[in-house]
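J.: By my numbering, the letter at position 53 of the first sequence is numbered 62, and the numbering carries on one by one without gaps.
Be a bit skeptical, because a hint or two may be false.
Listed below are the simulated SDA-like cross-link pairs for lysine to any residue, each with C-alpha atoms no more than 20 Å apart in a straight line [what the hints assert, rightly or not]: (1) K353 - A325; (2) K66 - V193; (3) K437 - L458.
FYI, nobody ran anything at the bench for these hints, they're computed from the structure.
Predicted model only: the values in this text are computed from it and were never measured.
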Amino acid sequence: MAKDFPTREENYAQWYNDLVIKADLAENSAVRGCMVIKPHGYAIWEKIQGQLDKMFKATGHQNAYFPLFIPKSFFSKEAAHVEGFAKECAVVTHYRLKSSEDGKGVVVDEDAKLEEELIIRPTSETIIWDTYRNWIQSYRDLPLLINQWANVVRWEMRTRLFLRTAEFLWQEGHTAHETKEEAVEETLKILDIYAEFAEKWMALPVHKGLKSANEKFAGAVDTYCIEALMQDGKALQAGTSHFLGQNFARAFDVKFLSKENKLEYVWATSWGVSTRLMGALIMAHSDDHGLVLPPKLAPIHVAIVPIYKNSDQLAAISEKANEIKKALEAKGITVKYDDRTTFKPGWKFSEYEFKGIPVRLAIGPRDLENGTVEVARRDTLEKETYQITDIENKILHLLDHIQDNLYRKALAFREENTFGVDTWEGFKAQIEKGGFVLAHWDGTTETELKIKEETKATIRAIPLSGKMEAGKCIFSGQPSEQRVIFAKAY
RNA sequence: CGGGAUGUAGCGCAGCCCGGUAGCGCGCUUCGUUCGGGACGAAGAGGCCGCGAGUUCGAAUCUCGCCAUCCCGACCA
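Given the sequences, and given the hints that come with them, work out the whole structure.
T.: Here it is, written out as structure tokens:
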């Protein structure tokens, strides 16, 4: 596998595509724009899901499930929302097929036309708020903190595995609150969870920020985001959290009786991360030898490869390897002992390397004599010989170290590729080269769009942690209070 | 939806100009030797040449139509 694999330098886009395929993460399916997520890729997604799900539940959220189909009429109730999604909706119009006239196939049965067409959810705000109307009567029913893990469909023109597919997997949280303050607090709480997850689990440094009016979610009052920088200098929106105000409550007539016995509209949030995180994970750490996974999201932490000349040797090595495996597993480390006789050691080394397994152990006859094991780390590709004594704690420490190293590398990369720019010429030049560009902006959509038109760069985030600093808009020269993050984006 | 390209074995491709027995590499199967970084040898299996019409004694190859996919743009988590 992966002998003819391009380097990032040669062709970044090709490198990404080949990596996803050759690391067995996903492949294109028979359905245009839709991917098959393969076991190795799905195992990583399950790790992502598992951790996020814990974090949501720890903050009081519960999972539920709403339908895939949304009646078309629901969609038109929130004007900005329709506007934003109308162009990419798949629509179900019929509910039956019949044999074709020539008997060779099936055709849509025109007699089975739906009275009301169904939209395949591009997101679930409408069906959920229509449901919440019945769930919420009093302040005692609030807050309502619900999440769902689901698939959604957005009919994209151009797709790329994980980064943009017509169907993707995600979680969408939908909450209802008594007050504006509480809803805003929820929006930011989730943003913090996303940022913490990105940094601690994905080893991916992110900027927390606010989206400009132009970039915000269709139907939101404010959209917050976490924004990451990929190795090719392009930005990737890794998660969004929306303060929806009372927009959906008004559209779907969701009111509650307050403690003061007044009928009021509830305040809402919604928030999501998707399988796009897989794309972020891949592009953040991987190298010209293949995928690199942070230990906290690696389905397998350690692969053990035996090296032997005959079956007696294999038996002796297996005994030792299984001992090590047990000791590691007792510490919560996931281990695969690969004693397949159908592949050679060199082949296995390459495979685990390409698939991003953080640590590889090799045990041969020499190690057996010396009480040692060869330890190879995926992040640095370094090999070292360890005494087997206390191996479990040594590996545990190594895994922590790898996790930390990946984060620090990604952070250093981001810092090296973040530039403050104060002139229009300098701005254009830097955007061309890539990276995050911190520049002043006059706050108008008009200016943002003109900048996009001329440079293809968009405002990725108005940073929450950004220092206030008076300046002049890079494009219009109008006064500005704060630098915002510009970049070309995925 | 505009511009460009491509459909031949599981994958990657050659053959097409100039019509005449469908080929190469990888992968796959079996056997043997190997095994501390992608082993080697030998023997095999595998095809409606995208689909449909036409021209021709004869079409992967020429003509027309259709379909599909990929790349580049506009739209997007």
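J.: Confirm or reject each hint.
T.: Checked hints:
Among the hinted pairs, K353 with A325 is consistent with the structure: their alpha-carbon atoms are about 18 Å apart, no more than 20 Å. Distance hint between K66 and V193 is fulfilled; the C-alpha atoms sit about 19 Å from each other, no more than 20 Å. About 14 Å separates the Cα atoms of K437 and L458, which keeps this hinted pair within 20 Å; it holds.
In summary, this structure violates none of the numbered hints.
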